[in-house]
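I would like the entire structure built from these sequences, with the hints used as guidance.
Quick note, the sequences are listed as chains S and U, same order.
Here numbering that gives the first Met the number 0 is used: the first residue of the first sequence is 0, the next is one more, and so on.
Here numbering that gives the first Met the number 0 is used: the first residue of the second sequence is 0, the next is one more, and so on.
Note that these hints are calculated values from the structure, not bench results.
Keep in mind that this is a model prediction, so the values were computed, not measured.
One or more hints might be untrue.
[What the hints assert, rightly or not] Stretch by stretch, here's where chain S covers chain U in the computed footprint (C-beta under 8 Å, at least three residues): (1) 9–23; (2) 29–38; (3) 53–63.
[What the hints assert, rightly or not] Computed from the model, here is a short list of chain S residues facing chain U with C-beta under 8 Å: (4) Gly13; (5) Ile278; (6) Phe288; (7) Glu290.
We put the CB at the ideal spot given by N, CA and C, even for glycine.
Listed here are the chains, written in short residue letters.
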Amino acid sequence: MIAAFKRAYAAFRGFDDETGSAPMMDGPLRPNALLDAAPVALSLADVDNLTQHRGALFCSSGSQVLRLAPQGSTVIASDVRSFERSVTFVAAGPSDSLAVGLDGRGVLILEGPHAGKVIAEMGGQPLRSPTAGLFIDADTLIVANGAEGRTAADWKRDLMERGTTGSLWLVNLSTPGATAKRLGENLAFPTGLAHAADGRLYVSEAWRHRILAVEKEAISAPQLVVSDLPAYPGRIVPARDGGFWLALFAPRNQLVEFVLREDAYRRRMIDTVDPNFWIAPSLSSGVSFLEPIQGGARKKLNRLKPWSPSWSYGLVARCAPTMQPLRSFHSRADGATHGVTSCCEFNGKLYVAAKGSGRIVAIDLADVGAHDQ
Amino acid sequence: MAKRVAPELWLYPNINTGCVIKFDDEGRIVESLWDLGGVNHPMITSMREHKGYLYLGGVSNDRIGRYKIPGADPNWTAQDDYWGGTQ
Chain S
0 MIAAFKRAYA AFRGFDDETG SAPMMDGPLR PNALLDAAPV ALSLADVDNL
50 TQHRGALFCS SGSQVLRLAP QGSTVIASDV RSFERSVTFV AAGPSDSLAV
100 GLDGRGVLIL EGPHAGKVIA EMGGQPLRSP TAGLFIDADT LIVANGAEGR
150 TAADWKRDLM ERGTTGSLWL VNLSTPGATA KRLGENLAFP TGLAHAADGR
200 LYVSEAWRHR ILAVEKEAIS APQLVVSDLP AYPGRIVPAR DGGFWLALFA
250 PRNQLVEFVL REDAYRRRMI DTVDPNFWIA PSLSSGVSFL EPIQGGARKK
300 LNRLKPWSPS WSYGLVARCA PTMQPLRSFH SRADGATHGV TSCCEFNGKL
350 YVAAKGSGRI VAIDLADVGA HDQ
Chain U
0 MAKRVAPELW LYPNINTGCV IKFDDEGRIV ESLWDLGGVN HPMITSMREH
50 KGYLYLGGVS NDRIGRYKIP GADPNWTAQD DYWGGTQ
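In structure tokens form, the structure reads like this:
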């Protein structure tokens, strides 16, 4: 209540409080160019969720799921399976279970004891944006619904409309209708799920730039684990040596934070401008000359400086078991590994899928340990 | 924005593009040359035709571009055209 008055007063007087600023990338998130330095394993448009299943590496791309076979420093894609909708996530689980999220449609169990099952609604509401899935066991799947009544592909609109209709569900696959129990609600676009060591569940809440911990069995008050991230957090995957890898799919930007507070302007922008040219984060940028830039992104001596403000960025963070970032891998404004939506450790390498740039890069973890911070 | 956001973060149109237009005595544009991606010549701020080539400069660039103008007179210079030829 007091915060609302403070905000109203700040807006009236025209100054900003601390909640309106984007944090610096500093400390363990200090920028480097390690994502661009890593060899490109595969160029594939729209490459998204990497996952390990039946001892092999899989990824999604558009409306397809592909198997990836490492060959030297690259990977060869094969065994393509196509779906009628864009694949929003791929989740592998025990007993060779595999689930895929289909944008606007729901979740399809592809393999395992419940193969063929479709989850199209949860709690009486259609499941439109299944952004993440996580198996607890072969019969139980946790599903994140990014926003109610909106597809996952429409994430930018959800951010700019300050959406907080995301929810979290526990689905019992062994019951005939695959009954779902609500674990979380009013979330600002949940995008990633992982098992915490203490038996709880980590959830990345993208639009509030934070990681939450919730109970797995029943609805609980979410607890804040990490906040004030300088980029929008996405998928969380466990790391082999303990802790997690966190993909952050787009950078925060002071101008975007400003626009998010200017309601009338934002409304007009949403209503009248093509979403590709909004003042909003993006998975890739510099694609069209019609895209606006920011003052610091003017080319000097024919170069786009790496520290330029940018609508897109590439960022993967190595996190402790408590989700505290320990170190990070970046592709800066002048880089070409932007919009990282997922990563997966496989055969001693960290495969990183940059959806925005349409490429998978492979970081040799033995190499990386050598120049640890 | 001007008051509450740092100038490096202000919104600009994409001025990382290069463009030269040619117009006639009536002000009608007859030709345009672009570097839409700003790959070699972003933000061209000056240009000059000289002996069949168009030279391109940008005040914050580290290079001068040279473009062969198709069908241009290889002996024409702006200096001679304006002040009278010495040839």
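Legend entry - Status of the Gly13 of chain S interface restraint (C-beta, 8 Å, chain U): holds (6 Å)
Inset, instruction - Three residues minimum, CB to CB under 8 Å: does the region 9–23 of chain U make the cut for coverage by chain S? Let me know. - result: holds (count 8)
Legend entry - Given hint Ile278 of chain S near chain U, where the shortest CB pair must fall under 8 Å: Holds, because the Cβ-Cβ distance from Ile278 of chain S to chain U comes to roughly 6 Å (cut-off 8 Å).
Legend entry - Per-stretch coverage check for the region 29–38 of chain U, three Cβ contacts closer than 8 Å to chain S: With 3 residues closer than 8 Å to chain S, the region 29–38 of chain U meets the three-residue bar; holds.
Inset, instruction - Double-check Phe288 of chain S for me: the hint is only fine if its C-beta lies closer than 8 Å to a C-beta in chain U. - result: Holds, about 4 Å.
Legend entry - Claimed coverage, the region 53–63 of chain U by chain S - three or more beta carbons nearer than 8 Å: holds (count 4)
Legend entry - Glu290 of chain S as chain U interface residue, shortest Cβ-Cβ below 8 Å: OK, holds: Glu290 of chain S within 8 Å of chain U, min 6 Å.
Every hint, counting from the list given before, is met by this structure.
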